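Participant: Each chain, written out:
2 protein chains.
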Amino acid sequence: MKQPSSITKLIGKFSSLPGVGIKTAQRFAYAVIDMSEAEVKDFCDAMQAVKTNVHMCTECGNFTENEVCDICAHRDKSIICVVSYPKDVIALDKSGSYTGVYHVLHGTLNPLEGRSADDLNIKSLFRRLDGVKEVIMATNPDVEGEVTATYLAKLIKPFGIKVTRLAQGISMGSDIEYADEVTLERALDGRTEI
Amino acid sequence: MKQPSSITKLIGKFSSLPGVGIKTAQRFAYAVIDMSEAEVKDFCDAMQAVKTNVHMCTECGNFTENEVCDICAHRDKSIICVVSYPKDVIALDKSGSYTGVYHVLHGTLNPLEGRSADDLNIKSLFRRLDGVKEVIMATNPDVEGEVTATYLAKLIKPFGIKVTRLAQGISMGSDIEYADEVTLERALDGRTEI
Numbered sequence: 007m008k009q010p011s012s013i014t015k016l017i018g019k020f021s022s023l024p025g026v027g028i029k030t031a032q033r034f035a036y037a038v039i040d041m042s043e044a045e046v047k048d049f050c051d052a053m054q055a056v057k058t059n060v061h062m063c064t065e066c067g068n069f070t071e072n073e074v075c076d077i078c079a080h081r082d083k084s085i086i087c088v089v090s091y092p093k094d095v096i097a098l099d100k101s102g103s104y105t106g107v108y109h110v111l112h113g114t115l116n117p118l119e120g121r122s123a124d125d126l127n128i129k130s131l132f133r134r135l136d137g138v139k140e141v142i143m144a145t146n147p148d149v150e151g152e153v154t155a156t157y158l159a160k161l162i163k164p165f166g167i168k169v170t171r172l173a174q175g176i177s178m179g180s181d182i183e184y185a186d187e188v189t190l191e192r193a194l195d196g197r198t199e200i
Numbered sequence: 007m008k009q010p011s012s013i014t015k016l017i018g019k020f021s022s023l024p025g026v027g028i029k030t031a032q033r034f035a036y037a038v039i040d041m042s043e044a045e046v047k048d049f050c051d052a053m054q055a056v057k058t059n060v061h062m063c064t065e066c067g068n069f070t071e072n073e074v075c076d077i078c079a080h081r082d083k084s085i086i087c088v089v090s091y092p093k094d095v096i097a098l099d100k101s102g103s104y105t106g107v108y109h110v111l112h113g114t115l116n117p118l119e120g121r122s123a124d125d126l127n128i129k130s131l132f133r134r135l136d137g138v139k140e141v142i143m144a145t146n147p148d149v150e151g152e153v154t155a156t157y158l159a160k161l162i163k164p165f166g167i168k169v170t171r172l173a174q175g176i177s178m179g180s181d182i183e184y185a186d187e188v189t190l191e192r193a194l195d196g197r198t199e200i
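Keeping their order, the protein sequence lines are chains L and X.
Numbering-wise, this note's numbering comes out as the position in the first sequence, counting from 1, plus 6.
Numbering-wise, this note's numbering comes out as the position in the second sequence, counting from 1, plus 6.
Hint data in this document are derived by calculation from the structure and do not stem from the laboratory.
Take these hints with a grain of salt, some might be off.
One copy or any two copies: either way a pair holds, since identical chains are not told apart in the list.
Dumping the calculated DSS-like pairs for lysine-lysine here, alpha-carbon to alpha-carbon at most 27 Å [claimed, not checked]: (1) K29 / K19; (2) K15 / K57; (3) K8 / K129; (4) K139 / K93; (5) K83 / K160; (6) K15 / K47; (7) K19 / K47; (8) K100 / K15; (9) K83 / K163; (10) K47 / K168; (11) K29 / K15; (12) K19 / K57; (13) K93 / K8; (14) K160 / K100; (15) K47 / K160; (16) K47 / K29; (17) K100 / K168; (18) K83 / K139; (19) K168 / K29; (20) K83 / K129.
A quick note: this is a predicted structure, and the numbers were derived from the prediction, not measured.
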């Protein structure tokens with residue numbers, strides 16, 4: 007038995023979203039059938055509004071609806087925190103302890119997959135370095151993130167700017183028993199006096 | 007820091023889908039930003055097409071784009087398999103061993119949540135009973151499913167029609183050690199000679 011073709015097509019669309027398999031996409035498609043026509047229209051309007059209104063901040067590359075994002079417009083520009091993706095900005099800013107600005111690379115260096123420095127939002131970072139005291143590298147602590155951080159640090163240091171990296175160690179609430187060796191090694195290396 | 011309002015709105019829309027939390031909705035919203043405008047339009051068209059083209063089969067209540075669904079149009083109408091939701095039709099039909107038709111209730115009886123027989127697609131089931139030899143109850147083996155099956159069986163039996171229920175027992179590939187007591191009890195009750 008074949009499903010109606012418009013359902014099959016919508017399932018295909020939903021399964022193109024990250025982490026969505028056929029079963030989940032099917033649930034989503036049935037949820038759409040259960041929505042009212044007004045709700046579906048609203049949903050589509052929201053999708054199209056994001057596409058129309060949201061673009062990259064001309065300074066930091068984060069998503070914004072204005073020319074310059076809220077953070078670049080109002081915060082301390084003498085510290086720049088470099089992240090890979092816009093979602094990292096949200097996560098870091100939730101901690102509330104950081105008052106500087108961000109710079110979003112929109113990816114990490116990965117020569118094997120053909121992502122070189124030209125594919126990332128790097129040029130605009132160097133246009134912002136005037137008057138900057140510190141650049142914090144907040145790329146993920148994996149191979150690509152480390153490579154990207156080291157690459158950028160090497161280019162930024164000659165400007166006489168301090169380059170730092172987020173501290174690595176055991177996470178809050180985690181179990182030392184289950185922590186991996188690299189994490190424990192870095193936690194020991196970075197131990198602080200109490 | 008606040009996210010652009012159109013992103014927040016789209017995250018809200020995505021989190022209205024079944025099983026989607028804020029973090030997942032956020033990933034989906036960012037995936038939409040990464041799509042091309044044509045892709046977003048296509049996605050919206052697919053959502054709206056489903057809403058416009060798909061409706062319930064006038065006979066069985068399953069989703070179809072025609073007046074009568076493929077299954078009702080071509081298969082043996084002397085056996086009806088009653089299921090709760092359209093997705094159950096897909097699951098059961100995948101097994102390939104069933105040649106009869108289905109009847110989709112679009113829910114189960116649940117007096118506590120105020121779902122009575124009038125809220126389900128039940129009336130049309132009784133209009134189809136002419137010439138039917140067997141009705142298979144394929145509602146889920148949980149309290150609501152059992153109640154619904156028992157309720158319908160009581161109403162259908164007086165027509166002189168055989169009413170059956172899907173066999174219950176241990177699933178293929180499962181572990182007897184971890185099976186619950188009710189399942190094991192039913193597996194023992196329904197044991198077959200080899």
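Participant: Compare the structure with the hints numbered earlier in the document and write down the numbers of the violated ones, lowest to highest.
Facilitator: 10, 14, 15, 19
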